[in-house]
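Chemist: Could you put the whole structure together from the sequences, leaning on the hints where they help?
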Amino acid sequence: MISLIGVTKTYPVGKGATVTAAHGIELQVERGEYLVITGRSGAGKTTLLNLVAGLTRPTSGQVLWDGTDLWDLADPQRSLLRNRRVGFIFQFPSLLPSLSVLENVVLPTAFGPAHGKPGARERADELLHLVGLVDKRAAYPRQLSAGQQQRAVIARSLVNRPQVLLADEPTSDLDEQTEMEIIDLFARIHATMDLTILMVTHAPRLVTRSARSIEMADGVIVA
Amino acid sequence: MKIPAVLIVILAILIGTLPYFFNCQYDGKALTLENGRQVPMKCYWTAQASLAVAVPLLVVGLLIAFSRQKETLRALALVGAILGIMVILLPTRLIGVCQHPGASCNLVMKPALIFAGSLVISVSLVGLVISRRSVE
Amino acid sequence: MTLLQLAWKNVVGSAFRSWIVFLCVLVVTALLFSTVLVIRGAQDSLRLVQQRLGADVVVVPEGTETQVETALLMGQPVAVWMPRENLDRIAGIPGVAIVTPQLYLASLANAPCCSAEMFLMAFDPQTDFTITPWLSQNLGHELGLGEAIGGSDVFVPYGEENIRIYGYEIDLSGNLERTGTGLDTALFFTFETAREVAQVSRTKAVRPLEIPSDSISAALARVVPGADPRLVALQIVHDVPGVAAIPSSGLFQTFHRQISGLLRSVLAILGITSVLSLVLVGLVFSMAANERRRETGVMRALGATHGAVLRSLLAEAIILAFGGGITGILLAALAIYLFRNLIVLSLGLSFLFPSFPSLVALGGGGLVLALAGVTLAVLPPALRTCRQDPAVAMRE
Chain W
1 MISLIGVTKT YPVGKGATVT AAHGIELQVE RGEYLVITGR SGAGKTTLLN
51 LVAGLTRPTS GQVLWDGTDL WDLADPQRSL LRNRRVGFIF QFPSLLPSLS
101 VLENVVLPTA FGPAHGKPGA RERADELLHL VGLVDKRAAY PRQLSAGQQQ
151 RAVIARSLVN RPQVLLADEP TSDLDEQTEM EIIDLFARIH ATMDLTILMV
201 THAPRLVTRS ARSIEMADGV IVA
Chain Y
1 MKIPAVLIVI LAILIGTLPY FFNCQYDGKA LTLENGRQVP MKCYWTAQAS
51 LAVAVPLLVV GLLIAFSRQK ETLRALALVG AILGIMVILL PTRLIGVCQH
101 PGASCNLVMK PALIFAGSLV ISVSLVGLVI SRRSVE
Chain S
1 MTLLQLAWKN VVGSAFRSWI VFLCVLVVTA LLFSTVLVIR GAQDSLRLVQ
51 QRLGADVVVV PEGTETQVET ALLMGQPVAV WMPRENLDRI AGIPGVAIVT
101 PQLYLASLAN APCCSAEMFL MAFDPQTDFT ITPWLSQNLG HELGLGEAIG
151 GSDVFVPYGE ENIRIYGYEI DLSGNLERTG TGLDTALFFT FETAREVAQV
201 SRTKAVRPLE IPSDSISAAL ARVVPGADPR LVALQIVHDV PGVAAIPSSG
251 LFQTFHRQIS GLLRSVLAIL GITSVLSLVL VGLVFSMAAN ERRRETGVMR
301 ALGATHGAVL RSLLAEAIIL AFGGGITGIL LAALAIYLFR NLIVLSLGLS
351 FLFPSFPSLV ALGGGGLVLA LAGVTLAVLP PALRTCRQDP AVAMRE
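Residue numbers (my numbering), protein chains in the order written: chain W, 1 to 223; chain Y, 1 to 136; chain S, 1 to 396.
Any given hint could be a false lead.
Claimed, not checked - Straight line, CA to CA, 27 angstroms or less: simulated DSS-like cross-link-like pairs of lysine-lysine:
#, chain 1, residue 1, chain 2, residue 2
1, Y, Lys2, S, Lys9
2, Y, Lys29, Y, Lys42
3, S, Lys9, Y, Lys70
4, S, Lys9, W, Lys136
5, Y, Lys70, Y, Lys2
6, W, Lys136, Y, Lys70
7, Y, Lys29, S, Lys204
If you're looking for bench data, these hints aren't it; they were derived computationally from the structure.
Modeler: So, in structure tokens, the structure goes:
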């Protein structure tokens, strides 16, 4: 489904210097896989997810979705792919502070062809029920705990019925009990929704639940 | 709600003080009765009444600045709007000002009160809308 | 959820920033609109009074042109005289169809009716074409002895039945429409009434009203169809010694120049203020865009295109510009309307509040300018933001 072929990504860091965040990445992800990406901080894990989602252009190499190079597409098509086929869970708090929980969950529908489509709010309510936040739909992000915010982000990532879920350290700011709840939620979602999941984490317990794991170090897949 | 509150406080101060300086009594004019006694013209009384409306308006503004409860803010905004209406009615209907178009009460006090009253009503209505977002 | 709803939520969510932009636009729009209103009102009143006079050529004693114009525009009485026989000389000039005399007088200061001297204008009902058409349209009869018409701001003092001028009781029969000029505080009556007032004033007034015999203050002339008023004016000056003849197109030139001068200076200042405000607005949006880098990165990750992010940012700016602009225009219009008499007094200009269609057109123009200006100010930071690499934007 998703192929990275010889992908390298360097970032300029000022005064002509660059940093290589990913180097010669070769990766195949099949439909329905649950892939965990581990590694120390700065290993290039987030960069890998950004490359898969087309959020950053590779300096060299190709990122293929069903055989099509993402960067052969124009920005509108690439954005549409992200909107329809990808759900994203970020490492940082990513709910928009000026929107309520429900408005945040339906936000992706504002950007794609689902805009104006009836049923978006109902779908959002269904997902909030799934993640256990239906009584918080009118609350604002500042009124939620870190765990609740992350649940809301998970609900948002699923609103457009994506095929791929990209999760970047989804449990990094959470206590142990909440982390387990989120992990269980992911397992349920993977089992019931026919999703391909790529998850970045450095929590060992998450690795055992997955079908496959890879390890990154210094921008390279080492294992 | 801080900005509407500050605006209402400023307007209240203007409403209470400006008429004092722009009425015919301050300009040294008065009505002379048949018995020779001098009494203030009605613009003087309008100025007095403006002070009477400005004081509760000032209190409303201060309360809005320090309140956080949605229901309280809504009630205060409503009271503010009503006081704004009173400010407009004082020089136009309730008491009035002098007839002469060149008198300072006509040139400055009356338009200033109508303008300030309109602003008070507008700011209060904006406050009423914003207060829907405030949370206990 | 639409982009507009998202933009509105962001506007309400960043209250402090939104207020700054809103107030900037409000203040600049209000100032600009006020200036344009005052200038337009001054020009409109000049045009109206020229129309109201109805004359093609106004003839006054030589050297008194400015005084007479000031009397007509600002209501400040003037005492100017020329021989009555000038009337026959003017009437005899080729191109002159009809000529009518006027007397310019002043009431006493501190008369019961008024706090200052009032401009009194006497006309000859046999030849007049300024007041008489109004009389037949609105009163249905000519003015009799002891009757007068007032400008829009003339009134009978409370408790009285008539206006007392030099001890003479004048019956105020009606009021003319507002012109925004000194004619609004003037009183108009016939020559016969003027002579009567002068007669009574000798015994009843503190100071008698003196009307020099066989003298007039001004002569208003209408030219025959097809004649050029400027050429007729030149002929009058040539043939009648000691007079100045002003064609109606040349009336109030001093005031026109004053208005233009005022317009230039104020607009220059406002131009600078506007530019500075727009720079501030651009800076505020730049700061906002920078603080919300991550947010825009998230929006891109969720599927927003470059265009959608740009539209969302511009929508925020336009909402604030529209709100600030409309509020500024409404406040300015209300303030100018309420304080119009004070404006006349302070600026020494005549002023007529523009009609509703003019107001709407001017207001619409002002709003478009506000929207265009803010959009221009916000475009650079908005473009920078939407073109950013989303991954870079989301990095700490």
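Chemist: Which of the listed hints are broken here?
Modeler: none
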